[in-house]
Amino acid sequence: MADGRHALTHLQRLEAEAIHILREVVAEAERPVMLYSVGKDSAVMLHLARKAFYPSPPPFPLLHVDTTWKFRAMYDLRDQVARDSGMELIVHHNPEARERGINPFDHGALHTDLWKTEGLKQALDRHRFDAAFGGARRDEEKSRAKERVFSFRSAAHRWDPKAQRPELWNLYNARKAAGESIRVFPLSNWTELDVWQYIQLNAVPIVPLYFAAPRPVVERDGLLLMVDDDRFPLRPGEVPQQRSIRFRTLGCYPLTGAVESRATTLSQVIQETLLATTSERQGRAIDKDAGGGGMEKKKQEGYF
Amino acid sequence: MPPHLTDDHAYRPDRLVADDIDAYLDRHRHKTMLRFITCGSVDDGKSTLIGRLLYDSRTVFADQLAALEADSRRVGTQGRDIDFALLVDGLAAEREQGITIDVAYRFFSTERRKFIVADTPGHEQYTRNMVTGASTADLAVILVDARKGVLTQTRRHAYLAQLVGIRHVVLAVNKMDLVGYDREAFDTIRADFATFAASIGIDDVTAIPLSGFRGDNVATPSAATPWYAGPTLLEHLETVEVGGQGAASDPFRMPVQWVNRPDPGFRGFAGLVAAGTIRPGDRVRVLPSGRTSAISRIVTADGELEAATAGESVTLTLADEVDCSRGDLIAGAADPPQVADQFEATLIWLSEEPMLPGRAYALKLATQSVLATIQPPKYQVNVNTLEHLAAKRLDLNAIGVVTLHTDRPLVFEPYQRDRTLGGFILIDRITNATVAAGFIHFALRRSQNVHWQAPSVSPESRAALKNQQPAVLWFTGLSGAGKSTIANLVEQRLARMNRHTFLLDGDNVRHGLNRDLGFTDADRVENIRRVGEVARLMTDAGLIVVTAFISPFRAERDMVRAMLPPGRFVEVHIDTPLEEAERRDVKGLYAKARSGELANFTGIDSPYEAPLDPEIRIDTLAMSAEAAADAIVRRLIP
Numbered sequence: 001m002a003d004g005r006h007a008l009t010h011l012q013r014l015e016a017e018a019i020h021i022l023r024e025v026v027a028e029a030e031r032p033v034m035l036y037s038v039g040k041d042s043a044v045m046l047h048l049a050r051k052a053f054y055p056s057p058p059p060f061p062l063l064h065v066d067t068t069w070k071f072r073a074m075y076d077l078r079d080q081v082a083r084d085s086g087m088e089l090i091v092h093h094n095p096e097a098r099e100r101g102i103n104p105f106d107h108g109a110l111h112t113d114l115w116k117t118e119g120l121k122q123a124l125d126r127h128r129f130d131a132a133f134g135g136a137r138r139d140e141e142k143s144r145a146k147e148r149v150f151s152f153r154s155a156a157h158r159w160d161p162k163a164q165r166p167e168l169w170n171l172y173n174a175r176k177a178a179g180e181s182i183r184v185f186p187l188s189n190w191t192e193l194d195v196w197q198y199i200q201l202n203a204v205p206i207v208p209l210y211f212a213a214p215r216p217v218v219e220r221d222g223l224l225l226m227v228d229d230d231r232f233p234l235r236p237g238e239v240p241q242q243r244s245i246r247f248r249t250l251g252c253y254p255l256t257g258a259v260e261s262r263a264t265t266l267s268q269v270i271q272e273t274l275l276a277t278t279s280e281r282q283g284r285a286i287d288k289d290a291g292g293g294g295m296e297k298k299k300q301e302g303y304f
Numbered sequence: 001m002p003p004h005l006t007d008d009h010a011y012r013p014d015r016l017v018a019d020d021i022d023a024y025l026d027r028h029r030h031k032t033m034l035r036f037i038t039c040g041s042v043d044d045g046k047s048t049l050i051g052r053l054l055y056d057s058r059t060v061f062a063d064q065l066a067a068l069e070a071d072s073r074r075v076g077t078q079g080r081d082i083d084f085a086l087l088v089d090g091l092a093a094e095r096e097q098g099i100t101i102d103v104a105y106r107f108f109s110t111e112r113r114k115f116i117v118a119d120t121p122g123h124e125q126y127t128r129n130m131v132t133g134a135s136t137a138d139l140a141v142i143l144v145d146a147r148k149g150v151l152t153q154t155r156r157h158a159y160l161a162q163l164v165g166i167r168h169v170v171l172a173v174n175k176m177d178l179v180g181y182d183r184e185a186f187d188t189i190r191a192d193f194a195t196f197a198a199s200i201g202i203d204d205v206t207a208i209p210l211s212g213f214r215g216d217n218v219a220t221p222s223a224a225t226p227w228y229a230g231p232t233l234l235e236h237l238e239t240v241e242v243g244g245q246g247a248a249s250d251p252f253r254m255p256v257q258w259v260n261r262p263d264p265g266f267r268g269f270a271g272l273v274a275a276g277t278i279r280p281g282d283r284v285r286v287l288p289s290g291r292t293s294a295i296s297r298i299v300t301a302d303g304e305l306e307a308a309t310a311g312e313s314v315t316l317t318l319a320d321e322v323d324c325s326r327g328d329l330i331a332g333a334a335d336p337p338q339v340a341d342q343f344e345a346t347l348i349w350l351s352e353e354p355m356l357p358g359r360a361y362a363l364k365l366a367t368q369s370v371l372a373t374i375q376p377p378k379y380q381v382n383v384n385t386l387e388h389l390a391a392k393r394l395d396l397n398a399i400g401v402v403t404l405h406t407d408r409p410l411v412f413e414p415y416q417r418d419r420t421l422g423g424f425i426l427i428d429r430i431t432n433a434t435v436a437a438g439f440i441h442f443a444l445r446r447s448q449n450v451h452w453q454a455p456s457v458s459p460e461s462r463a464a465l466k467n468q469q470p471a472v473l474w475f476t477g478l479s480g481a482g483k484s485t486i487a488n489l490v491e492q493r494l495a496r497m498n499r500h501t502f503l504l505d506g507d508n509v510r511h512g513l514n515r516d517l518g519f520t521d522a523d524r525v526e527n528i529r530r531v532g533e534v535a536r537l538m539t540d541a542g543l544i545v546v547t548a549f550i551s552p553f554r555a556e557r558d559m560v561r562a563m564l565p566p567g568r569f570v571e572v573h574i575d576t577p578l579e580e581a582e583r584r585d586v587k588g589l590y591a592k593a594r595s596g597e598l599a600n601f602t603g604i605d606s607p608y609e610a611p612l613d614p615e616i617r618i619d620t621l622a623m624s625a626e627a628a629a630d631a632i633v634r635r636l637i638p
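If you read the protein sequences in the order shown, they are chains Z and R.
Its first residue numbered 1, the first sequence is counted upward by one per residue in the working numbering.
Its first residue numbered 1, the second sequence is counted upward by one per residue in the working numbering.
Careful, some of the hints might be misleading.
As the list claims (entries may be wrong) - In silico contact screen, one side only, chain Z against chain R (beta carbon under 8 Å); selected entries:
# : residue
1 : 169
2 : 193
3 : 240
Note that these hints are calculated values from the structure, not bench results.
Every residue, glycine too, gets a C-beta built ideally from N, C-alpha and C.
The task is simple: from the sequences and hints, build the whole structure.
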């Protein structure tokens with residue numbers, strides 16, 4: 001085709017756009033950081049960062065806001081990826097949550113609030129990061145669909161959906177006052193299928209939990225929960241069973257539901273994903289809180 | 001038949017997914033992408049149409065459909081039927097009001113293409129949202145209610161789409177079910193719109209009769225419109241060719257985003273290719289400096305490339321050690337773009353704060369950031385009638401044609417030729433808000449013909465002759481604060497110390513240089529701009545300039561600061577509380593202002609923005625004028 005722009009496939013356009021966004025932030029922000037959650041979207045975002053700045057390593061650290069309740073396999077990959085990329089890894093634990101022993105079994109929504117939302121704000125404040133990359137996509141959730149690529153936060157980390165800056169072309173306004181910050185979403189225009197396909201085409205390393213394997217699980221409140229360590233309080237009568245399972249999304253293991261699966265290759269995982277008829281975040285408890293506006297409210301308060 | 005919620009309409013993957021996933025993935029991998037916007041008036045059914053596209057392309061999951069069904073009953077506007085608008089109206093506030101208030105992006109794909117839809121609202125006051133959504137779109141779907149025909153808003157949407165550079169328009173004549181699928185109604189609307197579109201330069205219009213609510217001609221041809229032989233909306237979106245800008249065959253352009261220097265042996269220039277194609281060995285020119293070199297390598301993490309084309313993010317190395325950094329442009333040597341510092345452009349004003357002629361705004365174009373001042377608009381465009389109206393400023397959602405001056409030369413192309421190098425945003429330097437979108441028409445010939453005189457006696461040598469460091473002591477404060485009094489005393493002391501000075505006083509300047517200016521906000525800005533320029537010339541002459549102006553706005557004081565080399569602008573806040581200044585009322589002006597004889601008086605009915613971090617602050621309640629003058633001189637000459 002004579003027209004260069006349309007000769008590129010949609011994945012090539014998305015990759016070029018994400019790299020452009022990553023470079024704009026590095027050129028204009030003072031202290032950028034990449035939020036790294038160890039999930040598949042984080043994996044793609046990190047891979048894009050390594051491409052964007054090659055042959056230099058990405059000129060910013062990785063920040064993992066940890067809850068101490070992630071799957072063990074996630075901690076393994078996190079540490080390996082940090083070593084391979086040559087980037088600094090900052091792990092933040094909210095000291096208050098740790099002191100009060102906040103956990104997903106006893107504290108419900110407070111667990112996410114304190115470890116993740118508060119923990120994130122603390123980490124950003126402590127290191128004075130003024131721009132933080134996140135792997136969120138607009139196709140995930142309705143309030144995300146309206147969020148800008150450069151999403152402005154007040155000094156108190158609040159998002160005001162009504163005061164968003166108009167975002168024209170690929171011209172991003174990264175100016176801000178002292179104390180204010182920007183969350184940046186290089187994968188805004190990607191879909192779940194795009195992410196999977198990119199992982200396949202680029203052999204991006206991801207946590208093995210995305211692939212099916214026999215793992216110990218119990219069934220509780222309609223979710224298949226994996227017993228990942230001995231902190232899991234079994235209820236009377238509950239006995240972990242070995243079942244062939246995998247995960248569509250990864251978070252804190254007591255909050256993340258597994259699906260029964262035989263998909264052991266990426267093609268099979270993608271096939272299963274496309275054949276599934278429920279939306280992606282079903283396995284996670286977080287969107288169900290606070291009714292219809294749940295995610296929007298959380299975001300206003302500073303959740304990523 | 002009315003749409004009923006059945007599992008038949010829930011997300012269902014392509015048959016190939018189950019049969020041959022690798023073949024499916026291979027097909028998906030090679031899809032192209034079309035970005036489009038939908039625009040229409042409030043009740044034209046935009047959200048419903050997008051909801052319908054998502055629904056008919058089986059993008060909506062069973063659980064989302066179940067939620068939609070529940071929501072439709074609770075807050076829907078379609079009785080017992082599904083309210084598709086609820087699928088896309090995202091934010092809680094909007095759902096309560098039943099309107100879309102911002103730009104939202106939706107995704108779906110078919111066998112041939114992947115689509116990104118910008119859903120933009122139709123409200124009169126939301127021009128800015130439509131322009132935002134249109135800026136990244138290849139095509140616009142403009143909705144018309146078949147019962148109402150082409151309205152003022154329809155013309156506005158077409159004009160804005162054209163202005164933003166969209167050349168392909170679909171006229172979706174919606175709600176055909178409500179006019180009994182009447183062919184004549186459709187033909188009339190199509191003809192009306194075609195006439196208007198042609199008059200503003202849109203020649204590719206495809207009109208489609210449809211019903212978003214019932215699904216006629218959206219994804220499947222409707223039996224109710226046997227007289228229509230054209231494509232369905234989805235079929236058209238899948239097949240339309242939308243080439244044009246940024247083509248591989250255009251001259252090469254790459255704005256430099258970032259310089260990559262991992263070690264002394266490597267220096268790469270990272271950027272997104274805006275237009276054209278480049279290969280190792282090709283001659284290039286770095287602008288604005290104009291230095292030439294050749295491409296040495298095209299570096300990516302996946303290996304070196306033999307060519308890079310428009311739309312790709314790459315890193316280039318050059319054969320020579322040429323000065324090149326963020327904001328520069330690497331262009332094909334044979335056909336470089338223009339460089340200028342004065343332009344005519346169309347502005348769309350996006351901020352509640354009106355545009356002030358003369359104020360300096362930050363301008364961002366590609367990776368270039370400069371300061372720009374705007375002349376009073378040549379005219380404003382009435383978006384409904386396209387008439388040209390006289391205007392002194394631009395308010396929210398106003399569109400006007402202006403002349404801009406930048407403090408440094410910009411590398412650019414006319415917007416109609418290149419969106420990347422012709423589109424810019426303006427940013428308020430105090431609030432950091434994005435206040436305008438701009439579209440460059442052309443450079444004014446003046447800027448190419450007026451050249452800077454490079455004087456052989458430099459400012460430094462003039463200052464050295466006078467044995468002093470030039471500076472501007474900028475006094476700011478309320479009327480009657482004591483600015484002139486203290487400034488006078490400072491100048492006397494400096495003169496006694498054999499310093500060469502000049503006092504620019506507000507009242508005096510208004511008798512001469514600025515006698516054409518009044519006291520509106522716009523005139524106050526221009527007053528300060530001129531004084532700033534005079535002060536700058538005088539410091540180039542080696543003088544210490546003392547100014548005494550109320551200069552109420554932070555932005556203008558900062559503008560003068562930016563005109564001067566770092567350290568040369570010394571802001572002196574003569575800080576007298578309003579009650580005290582009014583009590584003194586040396587010139588009797590406060591009394592007049594209070595009685596209404598004097599309008600736009602600072603502190604009374606016009607704001608004063610105190611400096612946030614002045615170099616010197618004088619509290620006149622705590623020290624005498626003499627003590628203040630001594631303190632200021634000590635700061636200047638320790």
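Against the structure, the hints:
1. About 5 Å separates the beta-carbon of residue 169/Z from the nearest beta-carbon of chain R, less than 8 Å, and the hint is met.
2. For residue 193/Z, the interface hint holds, since its Cβ comes within 8 Å of a Cβ in chain R; the closest pair sits about 7 Å apart.
3. This hint is violated: residue 240/Z has a C-beta 28 Å from the nearest C-beta of chain R, more than the 8 Å allowed.
Consistency with the previously given hints fails for number 3 only.
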